[in-house]
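Novice: Each chain, written out:
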Amino acid sequence: MKRIVNRTEYCVGCGLCRINCIVEHSRSKHIIKAFRDENPRPEEAIKVLNRGAQAMAIQCQHCTTPYCISTCISGALQKEADGFVVHHPEKCVGCYSCVLACPFGSIRIREHEKKIFKCDLCRHRKKPACVEGCPNRALIQEENEKKEKET
Amino acid sequence: MKQAPIGVIGNSIAAISFIETLRQAGHRDKILLFSKEEYPAYGRPLISYLLAGKIDPDNIFLRSPDFYHKNNVEFLPGEEVTHLDISNHRGKTRSGKKFACDRLLIAAGSKPFIPPLKGIEEASKVFTFTTLDDAQRIQATLKNVKNVVIVGAGLIGLKAAESLSYKNKNISVVELSERILPSVLDKQGSGLFQQRMEKDGIHFYFKNTIQRVKVKNRNLCGVELENGNSLPCDLLIIAAGVKPNTDFLEESLLSENRAISVNRYMQTARDGIYAAGDICEAYDLIYNTVRHMPIWPNAYWQGHFAALSMAGIPYNFKGHVSMNSIGYKDLHMMSAGIVEDSGIPVESIVINRDKSYQRFNFQDEKLVGALFIGDVQEKGVITHLLKHQELVPRLKDKIQKENFSFLDYPREYRIHHLQKAQGKK
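Residue numbers (the working numbering), protein chains in the order written: chain D, 1 to 151; chain R, 152 to 576.
This is chain D alone, in the form it adopts within the complex:
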């Protein structure tokens, strides 16, 4: 599967990945409408972390052996044959067990919906919006050559 690789040594914390992610997951797909008019504002699936001069962007890693799926009581989170960790919001009851389990903090809570939200790898696009918008290639898309295997 094609994964997003976080090359933290190139990240300056500019936040463009986050903006692009929000626009991509908005109803209008329009930056001004998404930020100003859409209420509630679309959630970002990528988070930009800053600590002094250090920065990194982080999103769901679609782990080979995901903790989140082990906790999901409703079957909303499942791993597909190609390795993709998919969230079915219609099945999500908002127990947030996955939030408690994700070691990256990459599963977000949407308070108004009482459901979670996470990176869908923009599978409907050729390239994820965050990767496309990253000016430093701190986020790149990479085919995982090794067979997705159990660890």
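Hints were generated in silico from the structure; no laboratory data involved.
Remember, it's a predicted structure, so these values are computed and weren't measured experimentally.
Just so you know, not all the hints are guaranteed correct.
As the list claims (entries may be wrong) - Pairs of lysine-lysine, DSS-like flavour, derived with a Cα cap of 30 Å: (1) K294(R) / K79(D); (2) K115(D) / K350(R); (3) K294(R) / K318(R); (4) K126(D) / K205(R); (5) K571(R) / K79(D); (6) K294(R) / K367(R); (7) K2(D) / K575(R); (8) K79(D) / K181(R); (9) K338(R) / K115(D); (10) K506(R) / K126(D); (11) K187(R) / K394(R); (12) K338(R) / K547(R); (13) K269(R) / K394(R); (14) K320(R) / K115(D); (15) K538(R) / K79(D); (16) K114(D) / K318(R); (17) K367(R) / K115(D); (18) K294(R) / K571(R); (19) K480(R) / K276(R); (20) K114(D) / K575(R); (21) K269(R) / K248(R); (22) K2(D) / K221(R); (23) K115(D) / K506(R); (24) K575(R) / K221(R); (25) K114(D) / K320(R); (26) K538(R) / K115(D).
What the hints assert, rightly or not - Taking beta-carbon pairs under 7 Å as the criterion, some of the chain D residues facing chain R (in silico): (27) R51; (28) I58; (29) G75; (30) A101.
Every residue gets a Cβ at the ideal spot worked out from N, C-alpha and C, and that includes glycine.
Place chain R on chain D using the hints.
Specialist: Chain R alone, transformed into the frame defined by chain D:
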């Protein structure tokens, strides 16, 4: 000689994860799955959401309808295994169906513990609350119910109270200990949940139990508490905990906790027989002991590891950590490890912020427990440390800060962990 199919007894998350992992590992032998219940695997904890009317009944199933077929599983709904002759590799179901098994996963789960209550046999409208049938039976009686009494203020009791509160019933909870959720909350946390529930008119009777069930013309009409009080009651829900569902098993498989005893490869005392989930014991990493830990993620991992073992794939596993994430309406909590004193002396750090309450328990330089109430975003970044104690000395101060994140982890660990997650290590 043709081998008999792999037998699986039980049809919840341990069985599902066993099947998924086995197939992912390339193991193709046919599986015969015996399920006591008539339904495809569903999320048992979802029954409270179903009773509350919060979810569509079609969304209760854990996997798609073609799951069994797709995975070469012969699914036998309504076939409860009642007899297992392990020495002769034979079993029998309640309906009389016989089967041969050399390789078997026992994942028959747990069942509700029902305390001996005087009068309970004669009374109608007494239910447990762990299965879809329970939820449907309760649903069918609700129209004529005004007063509900729930025995037990644990996770099941709390969710039962929540769903019936949405149905505007008059609810009383009777609990043996002195507070709500004593195993997953500290005293202050229990207080917060109690206050929130009392705001909805739910009454609590702590350090108390039901002495007698009052029945009039076979109809439940009230309960008498140990302290002499009487409560009106036309629906009684027993939520006093669960015990391993081991009645059909021979003694040689069981530990003194009456659960199946397994080694780290999920093998029982008998060759070829594996067990996973609520029916067996688990190694608790924090308490450093083997105990019965009937929680969802443990069942998932045990099913997963049983499949890896059966497929001959080596793995490393440190142990389980008790974790719970649960809410009552708008109040949510997450709890991991040891949150209240359990005989082990701990150094506690309590942080009260505007709308959040947090507690960290340390023992020497180890993080042994964490509790979050209110603000629960991204807390997995902290609970991850319970399994990676080597990082605790460096992060002990940082986790107490509001904006603790994955970036606070040491750089080399971050890189290693990201690569591992993506299967590059």
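Novice: All hints are to be evaluated individually against the structure, with a verdict given for each.
Specialist: Quick rundown of the hints versus the structure:
Distance check on the hinted pair: K294(R) and K79(D) sit about 41 Å apart at the alpha-carbon level, beyond 30 Å; violated. Distance hint between K115(D) and K350(R) is fulfilled; the C-alpha atoms sit about 24 Å from each other, no more than 30 Å. Using a Cα cut-off of 30 Å, the hinted pair K294(R) and K318(R) holds, with the two alpha carbons roughly 10 Å apart. For the hint linking K126(D) to K205(R), the alpha-carbon distance of about 36 Å lies beyond 30 Å, and the restraint is violated.
For the given pair, K571(R) sits about 17 Å from K79(D) by alpha-carbon distance, which is consistent with the 30 Å threshold. For the hint linking K294(R) to K367(R), the alpha-carbon distance of about 19 Å falls within 30 Å, and the restraint holds. With a C-alpha separation of about 13 Å, the suggested pairing of K2(D) with K575(R) holds against the 30 Å cut-off. Restraint check for K79(D) and K181(R): the C-alpha separation of about 22 Å stays at or below 30 Å, so the hint holds.
Between K338(R) and K115(D), the direct Cα distance comes to roughly 28 Å. Compliance with the 30 Å bound is thereby established for this hinted pair. For the hint linking K506(R) to K126(D), the alpha-carbon distance of about 42 Å lies beyond 30 Å, and the restraint is violated. Simply put, K187(R) and K394(R) have alpha-carbon atoms about 17 Å apart, close enough for the 30 Å limit, and the pair holds. At roughly 23 Å between alpha-carbon atoms, K338(R) and K547(R) fall within 30 Å of each other, so this suggested pair holds.
With a C-alpha separation of about 21 Å, the suggested pair K269(R) and K394(R) falls inside the 30 Å cut-off, and the hint holds. Restraint check for K320(R) and K115(D): satisfied, since their Cα atoms lie roughly 26 Å apart, inside the 30 Å limit. With a CA separation close to 23 Å, the supplied pair K538(R) and K79(D) stays within the 30 Å bound. At roughly 20 Å between alpha-carbon atoms, K114(D) and K318(R) fall within 30 Å of each other, so this suggested pair holds.
Using a Cα cut-off of 30 Å, the hinted pair K367(R) and K115(D) is violated, with the two alpha carbons roughly 45 Å apart. For the suggested pair K294(R) and K571(R), the alpha carbons sit about 53 Å apart, so the restraint of at most 30 Å is broken. Taking the CA atoms of K480(R) and K276(R), the gap is near 26 Å; set against the 30 Å cutoff, the hint holds. Using a Cα cut-off of 30 Å, the hinted pair K114(D) and K575(R) is violated, with the two alpha carbons roughly 34 Å apart.
Straight-line distance between C-alpha atoms of K269(R) and K248(R) comes to about 37 Å, which puts the hinted pair past the 30 Å bound. A threshold of 30 Å between alpha carbons decides the hint, and for K2(D) with K221(R) the separation of about 25 Å falls inside it, so the pair holds. Under the criterion of a C-alpha separation no larger than 30 Å, the hint pairing K115(D) with K506(R) is consistent with the structure, at around 20 Å. For the hint pairing K575(R) with K221(R), the CA-to-CA distance comes to about 29 Å; that is within 30 Å, so the pair holds.
Straight-line distance between C-alpha atoms of K114(D) and K320(R) comes to about 24 Å, which keeps the hinted pair within the 30 Å bound. Using a Cα cut-off of 30 Å, the hinted pair K538(R) and K115(D) holds, with the two alpha carbons roughly 27 Å apart. For R51(D), the suggested interface contact is upheld, since its CB lies about 5 Å from the closest CB of chain R, less than 7 Å. At a threshold of 7 Å, the smallest CB-CB gap from I58(D) to chain R is about 6 Å, leaving the interface hint in force.
At a threshold of 7 Å, the smallest CB-CB gap from G75(D) to chain R is about 4 Å, leaving the interface hint in force. A distance limit of 7 Å between C-beta atoms decides the matter here; for A101(D) the minimum to chain R is near 5 Å, and the interface restraint holds.
In this structure, the hints that do not hold are numbers 1, 4, 10, 17, 18, 20 and 21, in rising order.
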